[in-house]
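We have chain H; now place chain Y onto it with these hints.
Going down the list, the sequences are from chains H and Y.
Using my numbering, read the first sequence as starting at 1 and increasing by one per residue.
Using my numbering, read the second sequence as starting at 408 and increasing by one per residue.
Possibly wrong hints are sitting among the right ones.
Restraint ranges, calculated between C-beta atoms of paired labels, are given here [stated by the list, open to error]:
1) Asn643/Y - His146/H: 53 to 63 Å
2) His146/H - Ala609/Y: 37 to 47 Å
3) Ser610/Y - Gly282/H: 47 to 57 Å
4) Ala664/Y - Asn228/H: 52 to 62 Å
5) Ala664/Y - Lys24/H: 28 to 38 Å
6) Gly61/H - Ser610/Y: 19 to 29 Å
7) His146/H - Ala667/Y: 39 to 49 Å
8) Lys24/H - Ala543/Y: 49 to 59 Å
9) Ala664/Y - Arg169/H: 46 to 56 Å
10) Leu145/H - Ala664/Y: 18 to 28 Å
11) Arg134/H - Gln540/Y: 13 to 23 Å
12) Gln540/Y - Arg169/H: 48 to 58 Å
Since the hints were derived computationally from the structure, they do not count as laboratory data.
Since we're looking at a predicted model, the values are computed, not measured.
All C-beta atoms in this analysis are idealised placements derived from N, C-alpha and C, irrespective of residue type, glycine included.
Each chain, letter by letter, is given below.
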Amino acid sequence: MAEFRMPSLGADMEAGKLVEWLVKPGDRVKRGDIVAVVETQKGAIEIEIFETGRIEQILVGLNTEVPVGTPLARIQTELEATAGTAAAAPPPSAPAVPIAAPPSMPAPVAPSPPPPSPPAPPPPPVAPAAARARVSPAARRLAGLHAIDLATVTGSGPAGAIVYADVERRLGAPVAQAEKKRAPGLDLDAMRTAIAAAMARSKREIPHYYLEHQVDVTASEQWLARINAARPPDGRLLIGALMIRSVALAARRFPTFNGFYRDGKFEPSRAVHVGVAIAIRGGGLAAPALHDADQVPLDELMARMRDLVQRTRSGRIRSSEISDPTITVTSLGERGVETLYGIIYPPQVAIAGFGRVVTRPWVVDGAIGPRSVVSITLSADHRVSDGHAGALFLAEIGRLLQEPDKL
Amino acid sequence: MPPQMTQPATTEITYRDAMREAIRDALRRDDRVFLMGEDVGRYGGCYGVSKGLLAEFGAERIRDTPLSESGFTGAGIGAAMAGMRPIVELMTVNFSLLALDQILNTAATVRHMSGNQFGVPLVIRMATGAGRQLAAQHSHSLEGWYAHIPGIKVLAPATVEDARGMLWTALQDPDPVLIFENVMLYGMTGRLAADAGPVDIASAAVRRPGRDISLITYGGSLWKTLEAAAVLAGENIDAEVIDLRSLRPLDDATIMASVARTRRAVIIDEGWRSGSLSAEIGMRIVEQVFWELDAPIGRVCSAEVPIPYARHLENAAIPQVPGIVAAAKAALGRV
Chain H
1 MAEFRMPSLG
11 ADMEAGKLVE
21 WLVKPGDRVK
31 RGDIVAVVET
41 QKGAIEIEIF
51 ETGRIEQILV
61 GLNTEVPVGT
71 PLARIQTELE
81 ATAGTAAAAP
91 PPSAPAVPIA
101 APPSMPAPVA
111 PSPPPPSPPA
121 PPPPPVAPAA
131 ARARVSPAAR
141 RLAGLHAIDL
151 ATVTGSGPAG
161 AIVYADVERR
171 LGAPVAQAEK
181 KRAPGLDLDA
191 MRTAIAAAMA
201 RSKREIPHYY
211 LEHQVDVTAS
221 EQWLARINAA
231 RPPDGRLLIG
241 ALMIRSVALA
251 ARRFPTFNGF
261 YRDGKFEPSR
271 AVHVGVAIAI
281 RGGGLAAPAL
291 HDADQVPLDE
301 LMARMRDLVQ
311 RTRSGRIRSS
321 EISDPTITVT
331 SLGERGVETL
341 YGIIYPPQVA
351 IAGFGRVVTR
361 PWVVDGAIGP
371 RSVVSITLSA
381 DHRVSDGHAG
391 ALFLAEIGRL
401 LQEPDKL
Chain Y
408 MPPQMTQPAT
418 TEITYRDAMR
428 EAIRDALRRD
438 DRVFLMGEDV
448 GRYGGCYGVS
458 KGLLAEFGAE
468 RIRDTPLSES
478 GFTGAGIGAA
488 MAGMRPIVEL
498 MTVNFSLLAL
508 DQILNTAATV
518 RHMSGNQFGV
528 PLVIRMATGA
538 GRQLAAQHSH
548 SLEGWYAHIP
558 GIKVLAPATV
568 EDARGMLWTA
578 LQDPDPVLIF
588 ENVMLYGMTG
598 RLAADAGPVD
608 IASAAVRRPG
618 RDISLITYGG
628 SLWKTLEAAA
638 VLAGENIDAE
648 VIDLRSLRPL
658 DDATIMASVA
668 RTRRAVIIDE
678 GWRSGSLSAE
688 IGMRIVEQVF
698 WELDAPIGRV
708 CSAEVPIPYA
718 RHLENAAIPQ
728 VPGIVAAAKA
738 ALGRV
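Looking at chain H on its own, in the form it has when it is part of the complex:
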């Protein structure tokens, strides 16, 4: 039996409010499925599960705020399920599966010993689908359109009927009557409080040092123009993707900028998850991660960036995205700013900043000509690295940007 617990979605998170369950007892889940929505100061976060198995019991009801680490649901893992059926079946000849501790489980589980488990009865029968569920035509059509299993929707209509708004809620779409209500999970005031806390902590605890480097990105621009010429607008690459990719590749080479400073020591991260600072309309900022930004093809990186921006602005970020960026990229180029110095988001140790690409007189091969130039900055944690390493790291980013076809 595994427990699904309230995750920590940031170093400063102490508790979260469970606002939506997307699974119910009996549902099968697999690692990576989104099973719940938790509201934090950062907004509504979709929580993924790390076990594969069957939801046994939901332990925390809706709209309950619980501390990080509180068990939210019990899961019968695949292994146990296999063991259970095997026990009921004719005696196993030889246990094909070595009975090992369930993988990656928090070691000592609940303090209370599990109730004595007699020969496990067959899994609780799925509630007999007694009467056909009441579903309004509008709800049925909407569910069909989005391939929503109506069994996962709770009805709020007459006699418990599933109505349109229920499916909408399940979809996460804003409910029609949202005038008074804020967008789900997007409380800009709370977000501001969270940003304030994180940034104050950063400035208090992290000894920042700052470097700037000017890079000629004419090659990148030309390369993009050539690649994009034949593409439809929604398939085009933006220079932002190249910037993220170059930071990701440089971070892989210089691990002292990629990881977390926790409990007085630096823990480098093998994976490179680049947090992307995304401004939210009306104020507010979030920096969810593009996972393995150094690994995925550039086109996919671009597609994921688009999706991430869109979801973040509508207040739907996934737990893994918000909790595990290993380094952050921020850019104010679109706003016309030429240089910016970011503040490190703890417990990360570095943030790279990009300004606007400007045309400048530049010396190339001994001659002055107009070139596209961008300012790249690094704010890094002096407890982990110093200016020398920082300069090499920045230079690497610049070098990568000048060879876009290799990104």
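Just chain Y, lined up with the frame of chain H:
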């Protein structure tokens, strides 16, 4: 669109007077127009609508008729076919059944049966509805029956603007038009623009926009429905109120657009439920926007009894505000 319910530069006027203004205006505009019916002349019409018109326009144009609905309605049809523009007044819809043969078998069919050689540009006005303790034979709401008949148009002005404006538009129609005036509205006052004139007779009007449920009604029930919508607003239910205005043809576009948006509908119809106009509207909603519905369609209709004389029983027999509120809440699962 029909005029707004209130406009700047308006005067206070009763529905009765707005109707009289409409007749007077028609008589002045077109020599071919004349009014006939029982007691429309010296008595001034049983609801006082034509009071004073005899003195103003003379007995040629304000014609008292014998108690012979079939006879004078038939005469009106003949006059219309011969080039006149008669307004026939029938005291109540109950009496109009005596003229039903003329209306259905003649007025509504002549264009078809003459191979389009003749039309009947006739307007028939009549009172409908209960609430004045006039007992069963003067109180029924049978406009839904007339809305069943192809070949005629059926109007139900519920506001002073429509009372003032629908008649002239109806007179311009080359085919028969029936105008149903709810007896409870005659004394009602409303504000009418100084320059109020003809209105369209083809579209329904959204009298109160809302997003949670569509309340579809017409005539005398409009005001009760608006009152119900105000009560619902107090309970955080935002009801849209549609005034059908024309019962035949029905303005499907307005009804469906509203229901598709609110996903719920209750029809308020002073007619009897079985085989009623509300049944027709409900079925059209199912045919056209079934997949938009979020709740069964509700109806508030009259009790299926002859309308009683006793006031409390009469009130209990026809749609009232609490019943409309309850039906709307039921559709929203808020009982």
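Structure-based check of all given hints:
no.	hint	result
1	Asn643/Y - His146/H: 53 to 63 Å	violated, 28 Å
2	His146/H - Ala609/Y: 37 to 47 Å	holds, 38 Å
3	Ser610/Y - Gly282/H: 47 to 57 Å	violated, 40 Å
4	Ala664/Y - Asn228/H: 52 to 62 Å	violated, 42 Å
5	Ala664/Y - Lys24/H: 28 to 38 Å	holds, 37 Å
6	Gly61/H - Ser610/Y: 19 to 29 Å	violated, 50 Å
7	His146/H - Ala667/Y: 39 to 49 Å	violated, 19 Å
8	Lys24/H - Ala543/Y: 49 to 59 Å	holds, 57 Å
9	Ala664/Y - Arg169/H: 46 to 56 Å	violated, 25 Å
10	Leu145/H - Ala664/Y: 18 to 28 Å	holds, 20 Å
11	Arg134/H - Gln540/Y: 13 to 23 Å	violated, 44 Å
12	Gln540/Y - Arg169/H: 48 to 58 Å	holds, 51 Å
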